[in-house]
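Student: One-letter residues, chain by chain:
Number of protein chains: 2
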Amino acid sequence: MNISILFGASSYEHEISIVSAITMKKVLKKSELTFIFIDKDREFYLIESSTINSKLFSSGQYKKCKKLTLKQGGFFTNRIFGDKIVSTDITINLIHGRDGEDGKMASLMEFYNIPFISPRLEASVISYNKLYTKLFAQSIGVSVVEYQHLSKSDERLLKLSYPVIIKPVRLGSSIGVSIVKDKSELDYALDVAFEFDNDIIIEPFIDGVKEYNQAGLKSDEWELSIIEEPQKEEFLDFEKKYMDFSRDSTVISASLSKEIEVKIQNTFKKLYDPLFLGSIIRCDFFVVGDEVLLNEINPIPGSMANYLFKDFEDILDRLSKNLPKERNIVIDYQYIHSIQSAKGKSNL
Amino acid sequence: MNISILFGASSYEHEISIVSAITMKKVLKKSELTFIFIDKDREFYLIESSTINSKLFSSGQYKKCKKLTLKQGGFFTNRIFGDKIVSTDITINLIHGRDGEDGKMASLMEFYNIPFISPRLEASVISYNKLYTKLFAQSIGVSVVEYQHLSKSDERLLKLSYPVIIKPVRLGSSIGVSIVKDKSELDYALDVAFEFDNDIIIEPFIDGVKEYNQAGLKSDEWELSIIEEPQKEEFLDFEKKYMDFSRDSTVISASLSKEIEVKIQNTFKKLYDPLFLGSIIRCDFFVVGDEVLLNEINPIPGSMANYLFKDFEDILDRLSKNLPKERNIVIDYQYIHSIQSAKGKSNL
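Residue numbers (our numbering), protein chains in the order written: chain A, 1 to 348; chain B, 1 to 348.
It is worth saying that the hints were derived from the structure and are not from the lab. Remember, predicted model here, so these are calculated numbers, not experimental data. In this text, a Cβ means the ideal position worked out from N, Cα and C, and glycines have one as well. You may find that some hints are simply not true.
Facing chain B, a subset of chain A residues (Cβ under 10 Å, in silico) [stated by the list, open to error]:
#1 S11
#2 I22
#3 S107
#4 E110
#5 N113
#6 V125
#7 S139
#8 E146
#9 H149
#10 Y333
#11 Q334
Calculated cross-link-like contacts (lysine to aspartate or glutamate; reagent style EDC-like; alpha-carbon spacing at most 16 Å) [what the hints assert, rightly or not]:
#12 B:K71 x A:E43
#13 B:K71 x A:D83
#14 B:K40 x A:E195
#15 A:K67 x B:D83
#16 A:K270 x B:D154
#17 B:K325 x A:D290
#18 B:K67 x A:D83
#19 A:K210 x A:D290
#20 A:K71 x B:E43
#21 B:K40 x A:D332
#22 A:K71 x B:D83
#23 B:K71 x A:E326
#24 B:K55 x A:D332
#25 A:K152 x B:D273
Based on the provided sequences and hints, a complete structural model is requested.
Tutor: Right, dumping it as structure tokens:
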């Protein structure tokens, strides 16, 4: 299989997208890989798999690579006499944060008719915005962690009891996130979060809550990953974050009662189908008593959460053969023909 | 002002977008207009304002016009030695339905850094999907018409009393909409709606309910249109629909109590700000007793609801000078530099 990997872009998570992309080279050993880098100015570059490493980007050397243009059917290298398509079977959107998770990349792929793996447009907007995720989950009967929404212009009136966790509504990877233990820490934490977004969400910080991650997808059948209990740290420093986005070896299943395991799996399926068809997502759940609460949806998890699956490459292959199809719309100008033949509509 | 108008695209409302675009030529008399047509295969064509008429499209003659490519900063004509930008001050997204209202066009404009008038990405997804519109409105305290959601695979179990109105979740312009008076009509109406969408919404059909349309926007200040009481017809045939998308003369204000007028205006403002900044939308409200209920948001109303404003061209000009700005993200590779200088990360 020839796989194109899109990464980078104008996002706070630009750099960890590079880490994710480089990790895929270690994970996808049987496939032929083509890397398409989007720089901060949103120009596309074709990166040879053999040359990819982080310095290529941090040094600006990527600018010597071939530039690409997006046109119907794919990415093209520009040549004076006839542009040439970058041939590929499937394109993976591996852009974390803005441009990748917010729906822009899904829009581009759908508009230009490029088969791709990633949440579609609606799914992107719903999962990128933590407020919309809550509304969506509640509307389909999935419980969520209690929350309060605050806009930049709102009065800073806290309705929850301390400690709380403050998150920008539209970012991932813990960017702009703070745990606030009492009132004295509130203003600074809000200032930090509002640096990144005009909307923030406040949730109770439940110390020691059981957290479980479930990744999965639906190809011709359900492919659910093992459930992981992630290591708990109040803050991830850059090395830990790097580890998180460059993981490539399978982890061990969390030890869970069969009942909770099934509850987590069923909740995942409820959230995924049909909104997230075509994508591999990771849902992070809290378990309180015997209740499963959605904490967050990771629409494009670091290194695609490959480490949670047994045979990731095989799963990718099957997903790429079972992508949701866009509805075919016939445009036959019947309506305009009718108007044209109606009286007095000559000005059309 | 030089205005580019985007219209057409792969949408059930492709043809009425053509009608809307041609109408803008009559409305925007002081501006220089450039028309950019997107055909059903999603190729871009530059249409000279002097040659635009409906036959150009229904006959396929538009294919002789110059093809355009979207690149950073704008649309370009392809030339062997250096592509040339189509110069413009502002681009108006006048694509009704899919591609235009669903968020794809907003994504393209944002990604390629083109100043544009239309709902942004999130606003598009929220208003294009009638279910999400309900969730959003309720979350900010705006009352909506009662509803039931049904997916194609769901059991056809009606929870509301007849008569009801059935609508595909993602379409406008009354496409696929039926009024169902009793059980005998239900299956056929559902079949029709599911022809167009996998999700439908069922609402009580309130015969004789007072309906009011309010258009508006926020530039440097609020610009609210007059409130119209639209003419009621159970079904709009093609001539009526045509009239609706080609209206270019100001209508008369509805006669309303001051109290209800202010309620409608305030509800509009609540819905619009900040989600819909950068766009001109029309909200359709029902008034039951003294309660104002949101019926629908028209993110890209026919001919931009110009007929509801006193000086539409002036308003457009002010809006184009007060567009929401994208957040600037600095990418400095600090994180990658740190990893590179950390021990044992040489494989990055």
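Student: Next step is simple, just say for each hint if it's right about the structure.
Tutor: Going down the list of hints, with the structure as the test:
1. Evaluation of the S11 of chain A hint against chain B yields a held restraint, the C-beta minimum of about 7 Å falling below 10 Å.
2. At a threshold of 10 Å, the smallest CB-CB gap from I22 of chain A to chain B is about 6 Å, leaving the interface hint in force.
3. Proximity of S107 of chain A to chain B holds as hinted, the smallest CB-CB distance being about 3 Å (cut-off 10 Å).
4. Annotation: E110 of chain A was flagged as interfacial toward chain B, and the flag holds, the nearest CB pair being 6 Å apart, inside 10 Å.
5. Interface hint status for N113 of chain A: upheld, as the beta-carbon distance to the closest one in chain B is roughly 7 Å, under 10 Å.
6. A cut of 10 Å between beta carbons decides the hint on V125 of chain A: the least distance to chain B is about 4 Å, and the hint holds.
7. Against a cut-off of 10 Å between C-beta atoms, the interface hint on S139 of chain A holds, since the closest Cβ of chain B lies about 6 Å away.
8. The interface hint given for E146 of chain A is violated, since its Cβ lies 15 Å from the closest Cβ of chain B, which is over the 10 Å cut-off.
9. For H149 of chain A, the interface hint holds, the least distance from its beta-carbon to any beta-carbon of chain B being 8 Å, beneath 10 Å.
10. Residue-level restraint check for Y333 of chain A holds (minimum Cβ-Cβ distance to chain B is 4 Å; threshold 10 Å).
11. With a least beta-carbon distance of about 8 Å to chain B, the hint placing Q334 of chain A at the interface is held under the 10 Å criterion.
12. Between K71 of chain B and E43 of chain A, the direct Cα distance comes to roughly 9 Å. Compliance with the 16 Å bound is thereby established for this hinted pair.
13. Of the pairs offered as hints, the one joining K71 of chain B and D83 of chain A holds, with about 15 Å between alpha carbons and a cut-off of 16 Å not exceeded.
14. For the proposed pair K40 of chain B and E195 of chain A, the alpha carbon gap of about 42 Å is over 16 Å, so the pair is violated.
15. This hinted pair checks out: K67 of chain A and D83 of chain B have alpha carbons roughly 15 Å apart, not beyond 16 Å.
16. With a C-alpha separation of about 14 Å, the suggested pair K270 of chain A and D154 of chain B falls inside the 16 Å cut-off, and the hint holds.
17. Distance check on the hinted pair: K325 of chain B and D290 of chain A sit about 45 Å apart at the alpha-carbon level, beyond 16 Å; violated.
18. A hinted pair counts as satisfied when its Cα atoms are at most 16 Å apart, and K67 of chain B with D83 of chain A qualifies at roughly 15 Å.
19. Using a Cα cut-off of 16 Å, the hinted pair K210 of chain A and D290 of chain A holds, with the two alpha carbons roughly 11 Å apart.
20. Distance restraint check for K71 of chain A and E43 of chain B: the Cα-Cα separation of roughly 9 Å lies within the 16 Å cut-off, and the hinted pair is therefore satisfied.
21. Between K40 of chain B and D332 of chain A, the direct Cα distance comes to roughly 10 Å. Compliance with the 16 Å bound is thereby established for this hinted pair.
22. Of the supplied pair hints, the one linking K71 of chain A and D83 of chain B holds, its CA atoms being roughly 15 Å apart against a limit of 16 Å.
23. Proposed proximity of K71 of chain B and E326 of chain A is contradicted: the alpha carbons are some 24 Å apart, above 16 Å.
24. A distance of roughly 12 Å separates the Cα atoms of K55 of chain B and D332 of chain A; the hinted pair therefore holds under the 16 Å criterion.
25. Taking the CA atoms of K152 of chain A and D273 of chain B, the gap is near 13 Å; set against the 16 Å cutoff, the hint holds.
The structure does not agree with the numbered hints 8, 14, 17, 23 stated previously, though it agrees with the rest.
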